[in-house]
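Visitor: Got chain Y sorted already, so can you dock chain X onto it with the hints?
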Amino acid sequence: MSTTKPEAPTALPPVKRRNAELVLVLITIFIMMSAVATAGLNLNNQVPGAMWGYGLIFGALALATHVALRFIAPYADPLILPCALFLNGIGVAMIWRLDAAKSGDIEHAGIGMQLVWTAVGMVLCIALLFFLKEPRILQRYTYLSALAAIVLIALPMIPGLGISEFGARRWIGIGPFTMQPSEFAKIALVIFLSSYLVTKRQVLSLAAKSIKVGRFKILDLPRARDFMPMVVGWVAAIGLLVITKDLGSSLLLFGTFLAMLYVATQRSSWVFIGLTVFIGAATAAMYIFWHFRQRVDIWFHAFDQEVYDRLGGSMQLVQGIVGMAYGGLFGTGFGGGQAHKIFASDSDFIFASLAEDLGLTGLMTILIVIFLLVQRGMRIALASRELFVKMLASGIAFVMCFQVFVVLGGLTRIIPLTGMTTPFLAAGGSALMASWLMVGLLLRMSDNARRPAPQAIQDEGATQVIRR
Amino acid sequence: MNTPIRRLSVFSMILFGALMAQLTWIQGFQAEAIRDHSLNTRQYSERLTEMRGPIVVGGENVAYSENIAAEDDPARYQRVYEGGPLYTPVVGSFRSYGADGIEKSENALLDGTDDRLAVRNFRDVITGREPEGARVELTIDPAVQQAGYEGFEQLGMNGAAVAIDPSSGAILGSVSYPSFDANEVVSIEEITDAVANFDTLAADEDQPLLNRALRERYPPGSTFKVVTAAAAMEHLDAGPDSTMDAPDTLELGHPLPNATPGGTCNGGDPDTLAHSIQISCNTSMANWAIEMGGQALADQAEAFGFHPQVTEDEMQVPLPVIPSYAPVEEDRNILGRAGIGQSNVEATPLQMAMVAGGVANSGEVMHPYMVDSVRDSDRTVVTQTTPEVYSQAMSASTASDLTDMMVRVTGPDGSGTNGAIQGMDVAGKTGTAETGGEQGTHNWFIGFAPADDPQVAVAVVIEHGGGSGGELAAPIARNMMEAVVL
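Those protein sequence lines, which keep their order, are chains Y and X.
One point on numbering: in the numbering used here, the residue at position 228 of the first sequence is 344, and numbering is uninterrupted.
One point on numbering: in the numbering used here, the residue at position 249 of the second sequence is 271, and numbering is uninterrupted.
Among the hints, a few may not be true.
Unchecked claim - Simulated coverage check for chain Y against chain X, where a stretch passes if three residues somewhere in it have a Cβ under 8 Å from a Cβ of chain X:
1. 372-379
2. 439-445
3. 484-494
4. 520-532
Keep in mind that the hints were calculated from the coordinates and are not lab data.
For each residue, glycine too, the CB sits at the ideal point set by N, CA and C.
Isolated chain Y, as found in the complex (with noise of 0.2 Å):
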């Protein structure tokens, strides 16, 4: 009498590999150390003391992570804290050389502020891998996370609470600390997604009528009583546009929104409809709200003289587009290029100041990291045998390439610039924090999703005692 069910074809092999991490993260401490001394020799012309405090704190937060990962997470996939910490690695520096050359006093530049955010993000993710062991659980939270997503995006619109900058109101201010609420609505919103559409998959993807071109079919039209959560998804995301003015943030919920539908039901119709209708509402918006059509100017026409010179115009989008091609192929080196002089170098923008720094090579290099990581969520959602944890799974994935897109999309001029942080590597506590608890929630799936199946320990009657 077997206990196993047979292997799902996409199961990935039993194998720890920890030590593997153990190489890899020690790699991204070097990189990170050397990072940092670069910038300070084209800075200064000397190895900075930053390199030691920095490399001694972000390598002793980097072992302590992976030293956990060994006693409570064992079976998790053995490239994605390395892919995390190279890219909170490279953040840190790039941050640190960003604040000297600011201040021009590169000894005691930067009050590290984001290796205390690192800190923190680091400790939550343990936290998470130590207090959730079944991912599951999270299922029977549908609605209250649904509430403390919608509560997470309200938030920044009470008034006193809510603070409004540079035509978006996107932050909280706590004390001296500012948040931003929407970084961790989006995890709120993907465990909602995917424990309700879980259960209203079969509802969702069954087809009233089909759209036939001869013999092919287009699309499978689905039914007119079932539109109600698109109904809902699309009122809120444009709800979110219109009060917030936060183009950025309305797009990737929406846009995750979408793909989590299409993983549930396997309608593109739905993907049809949905994008129809938003693009839509934010062509409306843009002939009715100044603010878009600003921001539809600034795409299209960035290097027209008359838009650069508006207030609020195309100034920091083509300053941040010479500084890339001021980097070229090679980029000027760590800390060689003129990135600090632009607004917002070190959060927005800190793509275009890496994009000068380390050039089409380097950025290409981030990149392919930054893909690394989606792909591993992606893998981790193929080989695990729940639903709601697939859900999950390529839900965060998702959401970290779409949010790389919408950043990096609008400072390259394919869809309109808006202002939003990207994961790991730009400045702000609210941003890395949330990066981390999206890094933990996968590496808790993949340890569950790699880990071999219970093994009965006593074959013996009608009672098996299994180990976990």
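Guide: Using the frame of chain Y, we list chain X on its own:
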């Protein structure tokens, strides 16, 4: 559920592919074009720590860099300009937030990044010398420039004047009024003040930032009759004594009157070409244009440098010059008015100086230029401009006949006696252009001297002077020519 997850994962790959392709386009293929774009302010602001080469007029530095850093501090260079507002339209200004004039067009040479200076720079690196930008020496003659600028200052009216050497095309003077002192907008110590001053100038109704000599078009009025007369001789085999109907008014949609005293050219009888130029007869010249047809007139104008169609092409001298227009007119009424430099004909002052220069140089129009030579910090020549022929606008005999007619303009009974210089013959042509609005007419004078051995050709325009070309523009033109020939 695995199929849609796989597709989503392929979709994320496409998103990353799009990002990588776009980055490759920007950083790989477009990088150089973006760095050279005029909105890239870095090409100016990054140069504060480098010794920029001077701009030289008549052997004197009119723009140079001065180290203002305290001793032992790293060098910081402040750009300094001589001559107040005199040279600003030509030399321009080099600001931490942008540049124009020669400072912009010759930027790569001045800051030393031009490829032609690569060997020199390499030698400086080897020998440990501080690298310096190249010296740019201009063709501008300070006396001519001064004469033109002071003329406008005394008159107190806006306008522009250009003087060229007709045999080479070298620009001897390029005046635009009003102008401003470039030192007001270039301080690197008080950048906020500098930017505020620049913004004030940009908002000024009199447009001191506009280089009227090269970047403003005016209807040329009667000065364009030189082009019409050239076309009549080239295309209709006319001579100075050929006659044409010259009624006191000519019906061209609205009646076109003659401006000459009494409103008559030859008592209403047909007038000779020579006399029509001398007294600036409108009706006969309009009839000449109608007789030859729109194509002939436009072809002749094009040979002088005008364009028949709207174009983005800007001549580089090396400052960019906006195109002047003389379209092919089909309608008789419009064509008649085009023959006297009205309707759709528009010219920059430089263009009209090229017309005068073409007549002066036996019909050969020379390509105008402002940079005589570029030398490196050791005064070794990097580039030396060699004069180039722009076009052969007419035969030498036509040019000679035209010269004789234009000499009569500054002679007794001519319309431009104020352009005459004692002791020599001066060729000239006046112009008073209707502007169609409430404001006064534009007043022109073009000419060259001496008529038998031309050394300087000029074009002067007074913007909305409201007088006549002979009265307002000719004295400035004369002073500029005298600065060369006396």
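Visitor: Run every hint past the structure and note whether it holds.
Guide: Now for the hints, and whether the structure bears them out:
1. 372-379: holds (count 3)
2. 439-445: holds (count 6)
3. 484-494: holds (count 5)
4. 520-532: holds (count 7)
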